[in-house]
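Asker: Position chain B against the provided structure of chain A, taking the given hints into account.
Quick mapping for you: the protein sequence lines, in order, are chains A and B.
Residues 182 to 602 in my numbering are what the first sequence spells out, letter by letter.
Residues 182 to 602 in my numbering are what the second sequence spells out, letter by letter.
Hints may contain errors.
When chains are identical, the list treats them as one kind, so a pair holds in a single copy or across two.
Unchecked claim - Once the Cα atoms are required to be at most 25 Å apart in a straight line, the calculated SDA-like pairs of lysine to any residue come out as:
1) Lys362 x Lys413
2) Lys211 x Gln331
3) Lys301 x Lys436
4) Lys572 x Thr539
Hints in this document: simulated from the structure, not taken from any laboratory.
Number of protein chains: 2
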Amino acid sequence: MRKINLGIIGLGTIGEGVYKILKNQRSRIKEYYDIDINLIKTCDISPLLAKKLKIKKSKFTKNYMDLINDPNIDSIVELIGGTTIANDIAINTLRNKKNFITANKALIAKNGFELLSLAKKNNVQLLYEASVGGGIPILNSIQDSLLINQVKSFIGIMNGTCNYILTLMANGIEFDNALKKAQELGFAEADPTLDINGMDTAHKVSVLSKDCFDFDSKVENFHVTGIENISKIDIEAASQLGYKIKLIGLGRIVKNKIDLRVHLSLLKKDNPLCNVDREFNAILIDSKNLGPVMKYGYGAGMLPTATAIVSDIIRINSNINRSFKNKKYKMFNINNLESKFYLRLNLKNNPGNLAKITKLFAKYSINIEKILQNPDNVNLKHVPVIITTKKSNYKTTNKLINQLDKLNIALKNPLLIPIED
Amino acid sequence: MRKINLGIIGLGTIGEGVYKILKNQRSRIKEYYDIDINLIKTCDISPLLAKKLKIKKSKFTKNYMDLINDPNIDSIVELIGGTTIANDIAINTLRNKKNFITANKALIAKNGFELLSLAKKNNVQLLYEASVGGGIPILNSIQDSLLINQVKSFIGIMNGTCNYILTLMANGIEFDNALKKAQELGFAEADPTLDINGMDTAHKVSVLSKDCFDFDSKVENFHVTGIENISKIDIEAASQLGYKIKLIGLGRIVKNKIDLRVHLSLLKKDNPLCNVDREFNAILIDSKNLGPVMKYGYGAGMLPTATAIVSDIIRINSNINRSFKNKKYKMFNINNLESKFYLRLNLKNNPGNLAKITKLFAKYSINIEKILQNPDNVNLKHVPVIITTKKSNYKTTNKLINQLDKLNIALKNPLLIPIED
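If we strip away everything but chain A, and leave its shape as in the complex, we get:
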C-alpha cells in the first residue's frame, strides 16, 4: 500500500470539506485505491477553525513553514487563495521536494507555468483539478485523453453565481433580487465582484488555456466583461430570437493565435450549453479526434471542490505527469473577431431616429439581420431597440457604436453581445 503524508494549509470551507472526506473515507480510499492518506498537520491563521473540526493541538500550527519544513510531510494542499502568500507557499513547497495541490485558480492563472517547471525540476507534482469546474473532473480528463487529440477549442459556463442570476432573470426576476437570492443560497460570495465582473471565469479560462494549448496567458491580456449591464429586456429579447444569454469563457485556436475571451453570449436553444441552468457549470471541449465533449456539474461548493482535491491527492505519483511546452502562440486580438452581434440601444423616442441608425449600419457595411422593438414602449422617453447583425467585425461594430454616441440619439454605451450560432 502506498502512503501519502499530507499537510493542509487553510481550513476554510474547502479545507473543511477535504478534512471531512479524508476522515470519513480513509478506509474506503485504502480499499479501492491501495493508498493510505495520512494527515500529518494542518495550518490556518485562526485556531478556531481547527477547534471547530476537533483537530488535535499537535496536528495544528499557525505557521505554514512548519508544514513546509516537516520532513514527515510529502504533499501539501493549499487552500488559502490569493497570489502572494499562496505563491510563497507553492514555491517553498516545491523547492522542498513536496507535491503541491491547490484549488487556487488565480495562482495557477498567474504563475502556473513557472510553478509547473519548478515542480518538474524538483521531481514532484503540481496538481490543480479543483481550480476549474469544482466537482467536474475536467483538467484530469484533458491530461488523460484529450491531449492525445489536440484540443481545438473550449467554451464553458464556469461561474455558478452568474449562471444562477441569469437563470433567475430568465424567469422574470430582476438582477438585484437574483443576486440577493444567490447570496442567500450561498453560491455568491459576500463580495461577489469577481463573479459578476467575469474575473473568476477569466482565471479559469487562463488555467484551461495552459492545459489545452500550452499557452501561458494572463487575465490582463484578454477581453473580460461580466454580467453587470444585462437587463430583463435583453433576456426576453434573446428568448424571442431563439437564444439564451449566458456568461461564457472561451478559448480557441485561430490559425497561430489563441483567442481567449469572457463575455455574455447569445447561445442557440439547441446548443448543449443552453440547458445548463442555475448554479450548474459546463465546459464543452472540441478536439481533433474526439469531437465535442461536454462536462456538466456543480462548479463550486464545499464537497465537490474538496472531492477534486482528494482525487488529485490520489493521482500523486500516478505517472501521468505532464509539462507545459510553450509553443509561443500569439494572443488573438478581439478586434479581429468576426461574429454575429446582438446590440441593444436605448433610443430617444423621436421619429426618424431609427432611420439614422440604419443609415449608419449601411455606412459601415454591417448587415442587419433583425430589429426588435416593443410597441408597448412607445410612451417611454427611451425605447429599447434590439438589432442583430449578420457576421461583422468587432472593431468596425464598435466604430459604429462610437459614431452612434456622437449622434446623441441614444443613451451612451449600448449593450453589445456576440451571438454563438
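Answerer: Showing chain B alone in chain A's frame:
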C-alpha cells in the same frame, strides 16, 4: 521514459484508429507523457487489413497466441468483439501476466468480475474505458473521483443509432427512413438489431453497474426494451406534453437493491439529457458529494473509441488500480417500479370505449393525469389515445393493460413508457 510493448488483436475500424493514433502521435505521447508506446505485433484473421495499413509482414500474424506468448509483449489490445474467442484471448493474456485493454462491452458485461480478479491475481491491469461512451472519458473519471463519493445513480443516452433515429423522428421522419439515414451515415451497423433492441445499451449499463456499484449484473437479468415500437404519434404527443422520448440506460440504488433498466423514457425538456440529440451520447451520474455530473460527446466512431483505447494504454501502471468488491446487492425487480407512465392505446373507434378504459383505471386505482386524443383521427378505424398517469406501480399498470386486452376494444400490446420528471 517508460516503455510499453504492445500487441493489437483485431484490425477492423477501431483497430485501424488505434494503429493510426499510435503511429501519428507516438512522439507527442513521448513528449507529453514520458511514455514510449512500441507496437510489436498485430493480428487479424484477414491479412488484407494489415496490408491496407501497410503493416510489415514481420509485425503481423493470423494466430493470436503468437502475441499472447511473445515475451517481448507486455500489453495486448483486443478489438475483435464477441464473448467466445475474445474471452479466450483475455484469459490467456492475463494468465501470461500481460495487461489487457479492450473496447468489448459484451465481454466486460459478461465476465468483467472474473477477468478483473484474474488481472489482480497476476498483478496486471484490465482496462476498458472504450467499452462505454466511446470518446467520452467516463469510466476513468468514475475511478478517479466519483468512487470517493459513492455513486447513487446513473442515467444515460448510450446508443448513437437509437438517438439519431429518435432525433430524426422528432423532425417528422418515419422510423424506417431514419434508420436508413443512420446506416448511410455509418452510425448504424449493417445489422442494427443490437442497437435497436436495446442490447447495446444494456451491455453498457452492465459495465457501469460494475464500476459504479461493484454490482455484477448480467444483461439477461434486467429489463431491456428497445425503440422498435415507437411511432411519430408518440414523439409528437410527448412534445405536446413538454417531453422528449429517449432510449435510456439507467442504474440506481434503491435501498439495498440495484435497479437496472433499458427502455424508452419521457424526459422533461429542461432535463440536461434532453438536448442530447443526433448521434451524441451522454451519461449523468449522481453521487453523494459531487451531485449530478453529466458527460456528453460522441459515443462511438473510429477515432473517439480509438482515443479511449490509447488513453487506457497511457494509464497502464498508473497506480490507479482498483478492484471490484462484490457487495452482494440484490437486483431490483421492475415490477416494483413506481413511476408516472405514458400509455399509447390504439382504440377501436366506437363510442363508449374511452369510458370503459377510464373505468378500468379507476378499478386499478391508477390516477390519470392527462388524456390526449387528436380530433383529426375520428375517421380512422383505430384512433391513438394517449394517457399519462400519476405515479403508479409498474406491475399494476401491466395488469390493467392485460385486462384491457381482454376487453378487445384496442389493439393488443399498447406502448407503455415511464416518464422521468
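Asker: The structure should be examined with respect to each hint, and the outcome stated for every one.
Answerer: Hints versus structure:
| no. | hint | result |
| --- | --- | --- |
| 1 | Lys362 x Lys413 | within (16 Å within a copy, 42 Å between copies) |
| 2 | Lys211 x Gln331 | between (35 Å within a copy, 14 Å between copies) |
| 3 | Lys301 x Lys436 | neither (30 Å within a copy, 47 Å between copies) |
| 4 | Lys572 x Thr539 | within (16 Å within a copy, 56 Å between copies) |
Violation of the numbered hints given earlier is confined to hint 3; every other hint is satisfied by the structure.
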